[in-house]
Every structure is written in structure tokens, then in C-alpha cells.
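J.: As a plain string of letters, each chain reads:
Protein chains: 2
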Amino acid sequence: MAEEEVEVKVRNKQVILKKHVVEGFPKEEDFQVISSASIEPKVPDGYGGVLVKNLYLSCDPFQRIHMRPLPPSLNNSSTFRSFSIGSPLFGYGVAQVLDSGHPEFKQGDLVWGITTWEEYSLLPSPRPETLIKILHTDVPLSYYAGILGMPGLTAYAGFYKVCNPKRGEKVFISAASGAIGQLVGQFAKLSGCFVVGSCGSNEKVELLKRRLGFDDAFNYKEEQDLDATLKRYFPQGIDIYFENVGGKTLEAVLLNMRQFGRIAVCGMISQYNNLGEEQGVKKLMQLVSKSVRMEGFTFLHHLPNYNEYLDLVLPYIRQGKIVYAEDIAQGLDSAPSALVGLFAGRNVGKQLIHLSDN
Amino acid sequence: MAEEEVEVKVRNKQVILKKHVVEGFPKEEDFQVISSASIEPKVPDGYGGVLVKNLYLSCDPFQRIHMRPLPPSLNNSSTFRSFSIGSPLFGYGVAQVLDSGHPEFKQGDLVWGITTWEEYSLLPSPRPETLIKILHTDVPLSYYAGILGMPGLTAYAGFYKVCNPKRGEKVFISAASGAIGQLVGQFAKLSGCFVVGSCGSNEKVELLKRRLGFDDAFNYKEEQDLDATLKRYFPQGIDIYFENVGGKTLEAVLLNMRQFGRIAVCGMISQYNNLGEEQGVKKLMQLVSKSVRMEGFTFLHHLPNYNEYLDLVLPYIRQGKIVYAEDIAQGLDSAPSALVGLFAGRNVGKQLIHLSDN
Numbered sequence: 001m002a003e004e005e006v007e008v009k010v011r012n013k014q015v016i017l018k019k020h021v022v023e024g025f026p027k028e029e030d031f032q033v034i035s036s037a038s039i040e041p042k043v044p045d046g047y048g049g050v051l052v053k054n055l056y057l058s059c060d061p062f063q064r065i066h067m068r069p070l071p072p073s074l075n076n077s078s079t080f081r082s083f084s085i086g087s088p089l090f091g092y093g094v095a096q097v098l099d100s101g102h103p104e105f106k107q108g109d110l111v112w113g114i115t116t117w118e119e120y121s122l123l124p125s126p127r128p129e130t131l132i133k134i135l136h137t138d139v140p141l142s143y144y145a146g147i148l149g150m151p152g153l154t155a156y157a158g159f160y161k162v163c164n165p166k167r168g169e170k171v172f173i174s175a176a177s178g179a180i181g182q183l184v185g186q187f188a189k190l191s192g193c194f195v196v197g198s199c200g201s202n203e204k205v206e207l208l209k210r211r212l213g214f215d216d217a218f219n220y221k222e223e224q225d226l227d228a229t230l231k232r233y234f235p236q237g238i239d240i241y242f243e244n245v246g247g248k249t250l251e252a253v254l255l256n257m258r259q260f261g262r263i264a265v266c267g268m269i270s271q272y273n274n275l276g277e278e279q280g281v282k283k284l285m286q287l288v289s290k291s292v293r294m295e296g297f298t299f300l301h302h303l304p305n306y307n308e309y310l311d312l313v314l315p316y317i318r319q320g321k322i323v324y325a326e327d328i329a330q331g332l333d334s335a336p337s338a339l340v341g342l343f344a345g346r347n348v349g350k351q352l353i354h355l356s357d358n
Numbered sequence: 001m002a003e004e005e006v007e008v009k010v011r012n013k014q015v016i017l018k019k020h021v022v023e024g025f026p027k028e029e030d031f032q033v034i035s036s037a038s039i040e041p042k043v044p045d046g047y048g049g050v051l052v053k054n055l056y057l058s059c060d061p062f063q064r065i066h067m068r069p070l071p072p073s074l075n076n077s078s079t080f081r082s083f084s085i086g087s088p089l090f091g092y093g094v095a096q097v098l099d100s101g102h103p104e105f106k107q108g109d110l111v112w113g114i115t116t117w118e119e120y121s122l123l124p125s126p127r128p129e130t131l132i133k134i135l136h137t138d139v140p141l142s143y144y145a146g147i148l149g150m151p152g153l154t155a156y157a158g159f160y161k162v163c164n165p166k167r168g169e170k171v172f173i174s175a176a177s178g179a180i181g182q183l184v185g186q187f188a189k190l191s192g193c194f195v196v197g198s199c200g201s202n203e204k205v206e207l208l209k210r211r212l213g214f215d216d217a218f219n220y221k222e223e224q225d226l227d228a229t230l231k232r233y234f235p236q237g238i239d240i241y242f243e244n245v246g247g248k249t250l251e252a253v254l255l256n257m258r259q260f261g262r263i264a265v266c267g268m269i270s271q272y273n274n275l276g277e278e279q280g281v282k283k284l285m286q287l288v289s290k291s292v293r294m295e296g297f298t299f300l301h302h303l304p305n306y307n308e309y310l311d312l313v314l315p316y317i318r319q320g321k322i323v324y325a326e327d328i329a330q331g332l333d334s335a336p337s338a339l340v341g342l343f344a345g346r347n348v349g350k351q352l353i354h355l356s357d358n
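Chains as they are written, first to last, in the UniProt record's numbering: chain E, 1 to 358; chain R, 1 to 358.
The following block holds chain E by itself, in its conformation from the complex (with noise of 0.2 Å):
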């Protein structure tokens, strides 16, 4: 016999695009606050996927290519989809499940993973890969969104697995202060690495040599010619490269790699503003004088290390051996102005906006 049921909507303010941005910098008028939709909170009947509340969300290099409409023979991949306009952004979060018609998941669990810019978020299908649930709860829950989630297992990947460091080795990491540099480089002094990383303000440089242990860091636009700073750092070379720029950079580290060097390609964010007059990468002869191996990889294929990640770094974390800079905006309504911002790299550490907490 059913009770009567009261029907309750609350409001759930949105973050959409306008339209796409195919060149240059993306802007704040590119993207709109609503407060327009309001919903059930609650998972339709017979419904597979789970209802959360939001509570971080993360800013991201790789949104920028979801910014540009993209043909539809890439569009069609899940990877590759853009963002649609008058449509919710996506991107990585952290939320609470407040209904869930999915087994694996229950009122109450806190996870990370891909959600969209709103207050609450019904994700159809949440896959392992795409929905992770939070296990350990003594650490700050945002970090779900940066050094315990996919910047996190990403800098772990790519150091530990692609990069294969060994003890004196000679580390370079571009965008060093950013969500996964900052952690390359304590792992990398962990590891008993020698490294220097580059950004984009004297301000970032201080946080890269005081409190993030770098053993040398500088500001890549105060440098006339990279190829002679990085000689200046790396008399003898460098043995590594961490990859997250692209371009000019990649061209001069290039030029300073040693013999049987690795660079872990992340991103190339340099890159992403402007797919109209993309910079070829000269120097890769490099590659072969060298013996350098530059390898590619994404997070997703090391989920499956995600259990021996924060093994590793849990510890770590909580005896105060690692920090994580974060660069927190507080509300919805900041998230445009979070996102672009980050492509002008006014954040300083992990750029995340704090929606809710549990």
C-alpha cells in the first residue's frame, strides 16, 4: 500500500557552455551559471545509475579539448566527446551519493570520479573507471580530486612506471606547481632524484623551492632562451622529463636530454590554445642520438595500480612527507572564472571548486 508521496525538488545550479571555443584562450562569457533546473533528488525507477551531490569539482588541462567542437569521428568516443552547449561541463569531482539504482553503489558513499558541473549530477553508468569509491576518509576529502585521484595517479604512472627513475638521477618537470607536477617532483626527490621545475610565476617558483622540496625551480617566461636555462640547471643533462607542456619546451629539453633519457608525456597544454596554428616540435633527431624513449600514457590504463598508489602515498601523506598545494574556489559561481584561470595559470596548485561538504 503506498504511502503518499511528497514531491521534492531542490534547486540544482548548473555550470554550461555557450559555445565552443575552437582558438585561443577560452573566457568566462564562454561558459553561464543557471539556476534555471531544479530536480528530484533521486534516481528514476528501474534506473541503473546513481544520484550524487557534488562536493568538489576539479579544473583540468585536458578540458580545454572538450571546449572545441570536435568532428564526429572522434566525437563519438567517450575520450574524445565535447562538451555540449546549453549542457552541464564534465570533468573529475568528488560527491556523495544521495539515491543509487547501481549495486556497487549506496546512500552515503562518498566517491571520485566523472561528474558534471552541477549541485547534483544523475550519472547513468558508472563504470570502474569512471566511479571510484572513497575509502579512507582521515585525509582531506579533496585531495579525491587531486593527489588521491587522477592528477594523483597520473604523477605516479608516469614517474614510477613510464620514467623508471633511479637514485641521482636528473629530473625536469614543466608546469611543475600544477596538480601532477608538484607531486613528480616529491616523488622524485623521494626517489633521491636531483629536480628542477619550470612554471609561470615568481610566486609559483617560491612554492616549488620552500615548501614542495624542488631542488631548484624558475619562471619559464622570465628565461630568453630555454635551451641555455636548462643547460644552466642540467650542466650534465637531464635524465628525465616529466611532460606537460609541449612545444618550445619540449624542443629544448630535446636538446638536453641524456643518453638513454625518458619523457613521460602527460600533456601538452601549451598546445591546447591553439589547434588552428599548432607548433611542430622540431629537434626529435635527438631522440635517436640519445637513445631517448618519449612515451605516452594516460591514468585510466593504471587504474588497476590505484590500490598500490595510495599504498604508497597514503603513508606519506600523513606523516607530512608529501603536501599538495591546492588552489580552492569557493562555489559554483566561481567555476568559470576557476576553469579559466587555470589556462592562464593564475592558480597556484591544484585549481578545485568547493561546492558542499559531506
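I should point out that these hints are in silico values taken from the structure, not numbers from a laboratory. A quick note: this is a predicted structure, and the numbers were derived from the prediction, not measured. Where hints are given, some of them may not hold.
One side of the interface only, derived from the structure: several residues of chain R facing chain E at Cβ under 10 Å [to be verified]:
id, residue
1, Ile65
2, Val162
3, Pro165
4, Glu243
5, Arg258
6, Phe260
7, Val281
8, Gln286
9, Met294
10, Gly296
11, Thr298
12, Leu300
The beta-carbon is built from N, C-alpha and C at its ideal position, and this holds for glycine as well.
Starting from the known structure of chain E, fit chain R onto it as the hints suggest.
T.: Quick look at chain R alone, frame taken from chain E:
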């Protein structure tokens, strides 16, 4: 009691560099064949090197690099020193020892390794990686400048060690009829792979398909859109690319690589003739999205595998399971034309110069 010695001198024809070739394709006039020198065909007293009679000289793409005047910083290294104006070129060759002051070599030994472009070479300090004794003479001696020499071991190392091929994988090879490419293709077929090669003439296409057993081949000069061409030959994408040319070919390949693909970077001949305006390579982000490994290598680091390679390849040669296409010019007078022809793509198969029989 010393017998009376008669000083015997022999003519020593040489191919010398007339002027450095800074940009563009080398021309025959950049070299000169001179007959003025004559030498005593023995090593000086107390000399630690060997005197050899050259039998075959090898024309190889890497020699283009040595035609340039290199900056002193690079020119210090034995790998990168320039040819000297007025002196004979150097490169790989097959030779016979006429006289030796080195304990490892004796008169009559057949050797392959680094020699100079003249009839007789005084090799001052042969090292295990520059001069290697020939132990198997039931195969053509010329093979030691090709399939059994540097190109052979390069093909072996690049394909088996760098690419780690698996049965059924799809392999693309550029400069596929060259000294190295033709072997990679045959190794790939013996490994159960599907193999397509690109080359620069229809005659070479026929060679690849009819004689060398490639599944397919195309003349890149007749293709307008290499990306579309590769999609035609590899509708499911490329697992292994053996890179000999660089530039636009590499860009097109990057667009067509499959997940976890491997690119063995052996050389980039398309770039050797125009250093002044090196083409940048775009589409490197494909390395990330497809987790592709791109690895440079040189045969020198694989010399310890030389005997292992001989064990593999000699039976194949004797059984006729591997063939080796050679393009043999006769006599030192033909050397400038043969060398220049290599960069114009005139050679069909491995380009050699035959000077003498043993």
C-alpha cells in the same frame, strides 16, 4: 741481421670532401676523387692500428650529418664530427687487413666497421665497436656492409628490441626498400605481422611486394594525403612504425597509431638535407591519447647482441628465407654519384660501392 728492404708504394685513390654541404641535397661536385696519394702498404713501426684494403664501402643516410660543418661542441664527439675538407670521407665498409700493429687483428683478416673512403685505410685505433672480425664467409662479403653489418643489426635492434612485436600486429615502415627498412619488413613477416612499406618509386614498390614479401607498399610521391593513405592501408591503425624519414610522414603516422603502439625512431632522412628550416612535427599529443611509445636507438648500444643476431639471421639467409636487395656501384670513381644518389633516392636496395675482391 736485417735483409735489404725495398720500399713498395701503392697508389691510394681517395674520395675527399671538397666543401661542406650546409643545406639542401649534396651534389657530386661537393666531393672529389683524387689519385695523388700513394702509401706504403704497411703500418709504421710501433703503430697500434691496422692497415686495410677496402673491399666495399657503404653509403648511409647518417653520412649526410657529417657533411655539415658542426659546431665545435658537437665536433668533439666521435659520433658527430664533420668530414674534413680535403680528407677522405668515413663510413662503414668491408675490408681486409694487410698489416696490423693491433693484437686483435692479423694480416688476411676480413673485417667490417668504420673505414675511410679510399683504397687503403690506416685505421689508427680500432675498437670492438668500430672494427669487427668477419667469421662467416659462406655468404656474400658485401652483406657485412648491409644485412650482416650496421644496417642489419639496426633493423634487428629496432624491430625486435625496441618494438617488441606480437603476431598479427600491423607494421608500417618508411624508406622501406632501404638498407634497414627492407629487413624490418622481412623480420615483421617472419614474426607473423602485417607489413606495409612506403618508398619513393614504383620500381621500389614492386621490389617490396614481389621480392621482399611485404603485404603491400606505396610510392609516397604519388600520395596527396598521407593520413588518408595510411587509413586506407591500416583501417584499424598501426601498431608498430619503423621511422626512417620524419617530418610529415611521422605526423600522418601519429594520427594513425593504435593504443599502445610503438615507434622505433631509427632516422629522419627527410630532415637531413634541410637543417636550416627543419620541419616541426605536429600531432605529438597523439602519443598521450593512444599511450604510444616513441623510442630512439642506435645500433651501437646493441652491439652486444650482434652474435645473437647472426644466430638468427644467418640460417634465414642460407635457407633463402630472407633476401637482401643491394645496389652496388663499381669502383671508387663511382662513389660520389652513388652517395649523392642515396639522398635523391636513386638507389634500389642497399647502396654500396665495390672496390675490390679479397
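J.: With reference to the structure, classify each hint as holding or not holding.
T.: Verification of the hints:
Because the closest C-beta pair between isoleucine 65 (chain R) and chain E is about 9 Å apart, less than 10 Å, the hint holds. Look at valine 162 (chain R): its Cβ gets to within about 9 Å of chain E, closer than 10 Å, so that hint holds up. Hint on proline 165 (chain R) is violated. Least Cβ distance to chain E is approximately 17 Å, over the 10 Å limit. Given the 10 Å rule on beta carbons, the hint for glutamate 243 (chain R) holds: about 9 Å separates it from the nearest Cβ of chain E.
A least Cβ separation of about 12 Å between arginine 258 (chain R) and chain E goes past the 10 Å threshold, and the interface hint is therefore violated. Because the beta carbon of phenylalanine 260 (chain R) sits about 8 Å from the nearest beta carbon in chain E, less than 10 Å, this interface hint is met. Because the beta carbon of valine 281 (chain R) sits about 5 Å from the nearest beta carbon in chain E, less than 10 Å, this interface hint is met. About 8 Å separates the beta-carbon of glutamine 286 (chain R) from the nearest beta-carbon of chain E, less than 10 Å, and the hint is met.
With its C-beta approaching chain E no nearer than about 5 Å, methionine 294 (chain R) sits inside the 10 Å limit, and its interface hint holds. For glycine 296 (chain R), the shortest C-beta to C-beta distance to chain E is roughly 3 Å, which falls under 10 Å, so the interface hint holds. Of the supplied interface hints, the one on threonine 298 (chain R) holds, with its beta-carbon coming within about 6 Å of a beta-carbon of chain E, less than 10 Å. Of the supplied interface hints, the one on leucine 300 (chain R) holds, with its beta-carbon coming within about 9 Å of a beta-carbon of chain E, less than 10 Å.
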